[in-house]
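Undergrad: Sequence:
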Amino acid sequence: MAASALIRGAPLLRLRLQHHHRFATGLLVPLRRSWCSTADSTPLEEDVVPLSTPAALSLRKAPKYSSWDDQNYRQWKDEEADIWRDIEPITHLAKEIIHSDRYMDGEQLTDEDEKVVAERLLAYHPNSDDKIGCGLDSIMVDRHPQFKNSRCLFVVRTDGGWIDFSYQKCLRAYIRSKYPTHAERFIKEHFKRGS
Numbered sequence: 000m001a002a003s004a005l006i007r008g009a010p011l012l013r014l015r016l017q018h019h020h021r022f023a024t025g026l027l028v029p030l031r032r033s034w035c036s037t038a039d040s041t042p043l044e045e046d047v048v049p050l051s052t053p054a055a056l057s058l059r060k061a062p063k064y065s066s067w068d069d070q071n072y073r074q075w076k077d078e079e080a081d082i083w084r085d086i087e088p089i090t091h092l093a094k095e096i097i098h099s100d101r102y103m104d105g106e107q108l109t110d111e112d113e114k115v116v117a118e119r120l121l122a123y124h125p126n127s128d129d130k131i132g133c134g135l136d137s138i139m140v141d142r143h144p145q146f147k148n149s150r151c152l153f154v155v156r157t158d159g160g161w162i163d164f165s166y167q168k169c170l171r172a173y174i175r176s177k178y179p180t181h182a183e184r185f186i187k188e189h190f191k192r193g194s
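In terms of numbering that gives the first Met the number 0, the sequence shown opens at residue 0 and continues consecutively.
Warning: the hint list may mix true and false statements.
Unchecked claim - Calculated cross-link-like contacts (lysine to any residue; reagent style SDA-like; alpha-carbon spacing at most 20 angstroms):
no., residue 1, residue 2
1, K191, Y173
2, K94, G159
3, K94, D110
4, K187, K114
5, K94, F146
6, K114, I89
7, K187, I82
8, K168, H91
9, K94, I82
10, K177, I89
11, K187, A80
12, K76, H189
13, K130, S99
14, K94, S165
15, K94, D77
16, K168, T180
17, K177, E118
18, K94, K76
19, K94, E106
20, K94, D112
21, K114, I97
22, K177, P88
23, K191, P88
24, K191, H91
25, K76, R184
26, K76, S176
27, K114, N126
28, K191, I82
29, K76, Y178
What the hints assert, rightly or not - Pair by pair, the computed Cβ-Cβ distance ranges are:
no., residue 1, residue 2, range
30, D110, I162, 15 to 23 angstroms
31, Q70, L135, 16 to 24 angstroms
32, K147, E183, 30 to 38 angstroms
33, L135, Q74, 18 to 26 angstroms
34, K76, R142, 34 to 42 angstroms
35, C133, H189, 29 to 37 angstroms
36, A122, N148, 22 to 30 angstroms
37, Q70, D104, 47 to 55 angstroms
38, G134, D69, 47 to 55 angstroms
Since the hints were derived computationally from the structure, they do not count as laboratory data.
Just so you know, these numbers come straight off a predicted model, no measurement behind them.
Where a beta carbon is used, it is the ideal one built from N, C-alpha and C, also for glycine.
Please work from the sequences and hints to get the whole structure.
TA: What follows is the structure, given as structure tokens:
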């Protein structure tokens, strides 16, 4: 007896859950009437969605943004891809050096890694002359003196002093020098912080 009452109440329960879901999510989408025949096409009042609701606005055609038809957009996307291809290897190496267990804190880079970092990153740092100072002895990875949870690259000078440098600043300067027409847009879209 209880089972037959439960079975008879199932469609109403499903209807209530659909109504609850529609209003709980804030979407005013038309209610599906799976229990009605397809021949009955008279819309219910709840099936009509006003055109000013967010659901109706999202169903309209989206405004046209830059597309491949636009010559400037295609040029930007091509240049963006070129920049990524250019900086990806050195970015990957810098991240691997800093974030992996490849080097321990305070450990100097291998000669091969040091050469690549010095030529492809440090040379482009906005203050590279100040960073190198009296001369470059080596490059090491260690914890930042102020931000102990952060590892970074350090220039070890020939006089024994050492100073940190940001590989991201180096990349930004490199991009600005090699791709001046698209550098600022690329940096704004793909780097966390400007500068």
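Undergrad: State for each hint whether it applies.
TA: These are the hints, each one checked on the structure:
1. K191 to Y173: holds (16 angstroms)
2. K94 to G159: violated (26 angstroms)
3. K94 to D110: holds (17 angstroms)
4. K187 to K114: Cα-Cα ~29 angstroms, so violated.
5. K94 to F146: OK: K94 and F146 at ~17 angstroms, within 20 angstroms.
6. K114 to I89: With a Cα-Cα distance of about 12 angstroms, the restraint between K114 and I89 holds, given a limit of 20 angstroms.
7. K187 to I82: With Cα atoms ~14 angstroms apart, K187 and I82 stay inside 20 angstroms; holds.
8. K168 to H91: Given pair K168, H91 holds - Cα atoms ~15 angstroms apart, limit 20 angstroms.
9. K94 to I82: Measuring from Cα to Cα gives roughly 17 angstroms; hence the hint holds.
10. K177 to I89: Holds. K177 to I89 sits at ~15 angstroms (cutoff 20 angstroms).
11. K187 to A80: holds (15 angstroms)
12. K76 to H189: Given that 20 angstroms is the threshold and the Cα spacing comes to 13 angstroms, the pair holds.
13. K130 to S99: violated (24 angstroms)
14. K94 to S165: Holds: K94 and S165 sit about 11 angstroms apart, inside 20 angstroms.
15. K94 to D77: Status violated; Cα separation ~25 angstroms.
16. K168 to T180: Status holds; Cα separation ~18 angstroms.
17. K177 to E118: The given pair, whose Cα atoms are some 15 angstroms apart, holds under the 20 angstroms limit.
18. K94 to K76: violated (25 angstroms)
19. K94 to E106: holds (16 angstroms)
20. K94 to D112: Since the Cα atoms of K94 and D112 sit roughly 12 angstroms apart, the hinted pair holds (cutoff 20 angstroms).
21. K114 to I97: holds (16 angstroms)
22. K177 to P88: OK: K177 and P88 at ~16 angstroms, within 20 angstroms.
23. K191 to P88: Given pair K191, P88 holds - Cα atoms ~19 angstroms apart, limit 20 angstroms.
24. K191 to H91: The hint holds at about 16 angstroms.
25. K76 to R184: holds (11 angstroms)
26. K76 to S176: holds (19 angstroms)
27. K114 to N126: The given pair, whose Cα atoms are some 18 angstroms apart, holds under the 20 angstroms limit.
28. K191 to I82: Cα-Cα ~17 angstroms, so holds.
29. K76 to Y178: Holds, at roughly 13 angstroms.
30. D110 to I162: 15 to 23 angstroms: About 21 angstroms separates the Cβ atoms of D110 and I162, which means 15 to 23 angstroms holds.
31. Q70 to L135: 16 to 24 angstroms: Given range 16 to 24 angstroms: violated, Cβ gap about 45 angstroms.
32. K147 to E183: 30 to 38 angstroms: holds (33 angstroms)
33. L135 to Q74: 18 to 26 angstroms: The hint (18 to 26 angstroms, Cβ to Cβ) is violated, given that L135 and Q74 are roughly 38 angstroms apart.
34. K76 to R142: 34 to 42 angstroms: holds (39 angstroms)
35. C133 to H189: 29 to 37 angstroms: holds (35 angstroms)
36. A122 to N148: 22 to 30 angstroms: The hint (22 to 30 angstroms, Cβ to Cβ) holds, given that A122 and N148 are roughly 28 angstroms apart.
37. Q70 to D104: 47 to 55 angstroms: holds (50 angstroms)
38. G134 to D69: 47 to 55 angstroms: holds (50 angstroms)
Checked against the numbered hints listed earlier, the structure breaks hints 2, 4, 13, 15, 18, 31, 33; every other hint is satisfied.
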